[in-house]
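Engineer: Each chain, written out:
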Amino acid sequence: MSAKTTNLPVFPLDLFLLPGGITRLRIFEPRYLKMVGLASQLGGFVISSNKQNINQAYRWGSWVEVINFEQGKDGVLEIDVECGCLVKLSKLEQDNDKLLFADVEQRKHWSQKTSNTELALLADSLKTLFENNELLAKLYHDQLPNNPYWTVSRWLELLPIPFDVKNKFVFDSSYTEAKKLVHSIISQ
Amino acid sequence: MVVEQTKLPTGVSHAKSNSMNENIDHTQLSEWLNQVADKRCKNAFTHLFKFFAPKIQRIARSKFPNEAQSHEVVQETMSNVWRKAHLFDANKGAATTWVYTVMRNVTFDLLRKVKSNREDNLSDDIWPIAEGSVTEEQVYEDHLESNQLLRVIEALPEAQQQVVKGFYLMEMSQEQLANHLNLPLGTIKSRLRLALAKLKVQLGEEHD
Numbered sequence: 741m742s743a744k745t746t747n748l749p750v751f752p753l754d755l756f757l758l759p760g761g762i763t764r765l766r767i768f769e770p771r772y773l774k775m776v777g778l779a780s781q782l783g784g785f786v787i788s789s790n791k792q793n794i795n796q797a798y799r800w801g802s803w804v805e806v807i808n809f810e811q812g813k814d815g816v817l818e819i820d821v822e823c824g825c826l827v828k829l830s831k832l833e834q835d836n837d838k839l840l841f842a843d844v845e846q847r848k849h850w851s852q853k854t855s856n857t858e859l860a861l862l863a864d865s866l867k868t869l870f871e872n873n874e875l876l877a878k879l880y881h882d883q884l885p886n887n888p889y890w891t892v893s894r895w896l897e898l899l900p901i902p903f904d905v906k907n908k909f910v911f912d913s914s915y916t917e918a919k920k921l922v923h924s925i926i927s928q
Numbered sequence: 473m474v475v476e477q478t479k480l481p482t483g484v485s486h487a488k489s490n491s492m493n494e495n496i497d498h499t500q501l502s503e504w505l506n507q508v509a510d511k512r513c514k515n516a517f518t519h520l521f522k523f524f525a526p527k528i529q530r531i532a533r534s535k536f537p538n539e540a541q542s543h544e545v546v547q548e549t550m551s552n553v554w555r556k557a558h559l560f561d562a563n564k565g566a567a568t569t570w571v572y573t574v575m576r577n578v579t580f581d582l583l584r585k586v587k588s589n590r591e592d593n594l595s596d597d598i599w600p601i602a603e604g605s606v607t608e609e610q611v612y613e614d615h616l617e618s619n620q621l622l623r624v625i626e627a628l629p630e631a632q633q634q635v636v637k638g639f640y641l642m643e644m645s646q647e648q649l650a651n652h653l654n655l656p657l658g659t660i661k662s663r664l665r666l667a668l669a670k671l672k673v674q675l676g677e678e679h680d
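Which chain is which? The protein sequence lines are A and B, in order. Numbered as in the numbering used here, the first sequence ends at 928 without a single skipped number. Numbered as in the numbering used here, the second sequence ends at 680 without a single skipped number.
Just so you know, the hints here were simulated from the structure itself, not pulled from any lab data. Incorrect hints may have been included.
Here are the simulated DSSO-like pairs of lysine-lysine, each with C-alpha atoms no more than 27 Å apart in a straight line [unchecked claim]: (1) B:K661 with A:K791; (2) A:K791 with A:K920; (3) B:K670 with A:K908; (4) B:K522 with A:K791; (5) A:K774 with A:K744; (6) B:K661 with A:K908; (7) B:K585 with A:K791; (8) B:K535 with A:K838; (9) A:K828 with B:K672; (10) A:K838 with A:K791; (11) B:K556 with B:K511; (12) A:K919 with A:K791; (13) A:K920 with B:K670; (14) B:K585 with B:K556; (15) A:K867 with B:K661; (16) B:K672 with A:K920; (17) A:K848 with B:K672; (18) B:K672 with A:K791; (19) B:K672 with A:K908; (20) B:K511 with A:K791; (21) A:K919 with B:K672; (22) B:K535 with B:K522; (23) A:K828 with A:K919; (24) A:K919 with B:K585; (25) A:K908 with A:K920; (26) B:K556 with B:K522; (27) B:K672 with A:K853; (28) A:K853 with B:K670; (29) A:K920 with B:K661; (30) B:K670 with A:K919.
This structure is a prediction, so every number in the text was calculated from the model and none was measured.
Chain B extracted, bound-state conformation (with noise of 0.2 Å):
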């Protein structure tokens, strides 16, 4: 697992990471990273931190919608690089790219995290009943183009947007109301398909 992060640094941005950052002392840092991977040593590490954690923080920033985020690429980034050290190689490339390398994939696993999160909270909303399911992207994309206040609130950490249903809504679930209504939750389902369809006829017929 170790080992694939150190052979991913491409020529390709090595050779931009060189041209964006003229001034830089490569050597400096790749011996600060060796000072990390052989003692082990703090102050080197603190030397690579000032370097590298606002330049993280900046390109984090520009793929992420919120600060805490890019923070955590941040953090997460330069852990790595104080555990990962040792995998260090000047000869195959400078400090930068490989720093950078590090962060790349730490982003990737972040925002694979985030898509995730997002699948579950939508199969959680859509739940069995298929008409019902084209709306919620329909309005996000309008949002999206339309109004950036609402993308704004749309932005919000699916964390907090969690929190905010699990703790607002008094909307009761399928099986409270299965139990209410002392039927089967099979039942209850098919139940709100069916009447939620039917109701889709009735409007149809009245309002197109």
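For reference, chain A alone in the conformation it holds in the complex (with noise of 0.2 Å):
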């Protein structure tokens, strides 16, 4: 990866995403409406939440790409994002509307990664949770890739644990202890 800085906007939000994942924000606050009209020109905008570990390397955020809008039927602006890597924030400077930034640099991680591998399980008990939700199977076209680092990757986000421990996979915690981990809740 480039060591290419970019300045981004960034949205405090505690949402665990890895690349590939894909989720729906709904933007109602003026500094963030903004915020959606730089991420065009600006090529996307950061969700990095605050809950963050102390003794960890750096702030850590989702690189996020706008692949869909709509409006809400209560009026909201409705956009859906599609995050493409991780990044390291440094930097972080608030402007005039309280609309956070931050230069942001890539950072590689196991959830980029491709294999022909099956994980049998992992894969069609996801693949029906995603068939049973209506948003989750409208945000990813009934497209599931049939990759493992994209599986666990899906299940990490969604499966309800802390976001602390969600965490240490973006640092401490390999492929293979993610695979263990959401294997050992999925399969016993």
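Join these two chains into a complex; the hints should help.
Structural biologist: Below is the structure:
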């Protein structure tokens, strides 16, 4: 990955999103509407949680791009964003509208890898989940790549485990540990 | 409930407010309060509002992290003054003392409310996992000390954080997961606990 830094707006949100992950956001605060406007010129924005560990090496975030938008029933702007890569944040600063900006630098993560290995059980269970959840089905257009890294990443995002634990999978823990964790919850 | 408020004025705060504001026309203020009490005089109340509102606002602003809450203190205090003016007794203390006592009680109530909201939030966040329970506070503390920007974000009104949470997070609930896997909720809970404990051990072995 290049060490090139870019300055992007930051959306502080306790959301765990790995590369390939898609989520829907509802934007109603003026400063974040402004952020969405800027995102199209700047090539996206960064979602970064405030719940990060003191001991970790740096503050990280998910660099996302807006892939779809519409107006919700209540008139609120809804955008679908997809995470392209994880980034390291530095030089956080707020502008006059209290919108946060940071210099970001791309970081490699295991969730970006691909492999043909089958994870039959986890993949099948995830497929059923997506089929039964209207929003998930819509966001991912029923297309679930046959890639174990992708499958484990989505499970990690969706499972009800504390952010703090998920956070470990950005720094300390490997794919193998993530797979083990998901596996031990989904199938026993 | 009404009586409580009138009995609270203390000598200390009385002395303080007097020494700070020597040119206050206490007689005039008492008269306005009495007019509000006896005649529900809106004119007198307007005078009281003009006199007290900015002062209350300024004090409240120093007690709460945001503007909205200090406005709430002004609103609440002044509406209490309007409703309870008949309880003011000029023989017991100055009008300023009485109004500031009303304000103090309003402030306490509001702070209590804010605090209990926060506790609700926390308990929701950390559910049954013991090992996860410490971190959030630590993070919060660190933000307070080391990074002012993060503190600003942390200080978002609770309501707004709730809204953010409810709207955005795609994470499944434990109930949804139990449904999906067709297992009892209790099983899911113990599975999660077990899995996280195991993870902790694994990480401990490899990284310490």
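Engineer: Okay, which hints does this one fail, numbers in order?
Structural biologist: 4, 20, 24
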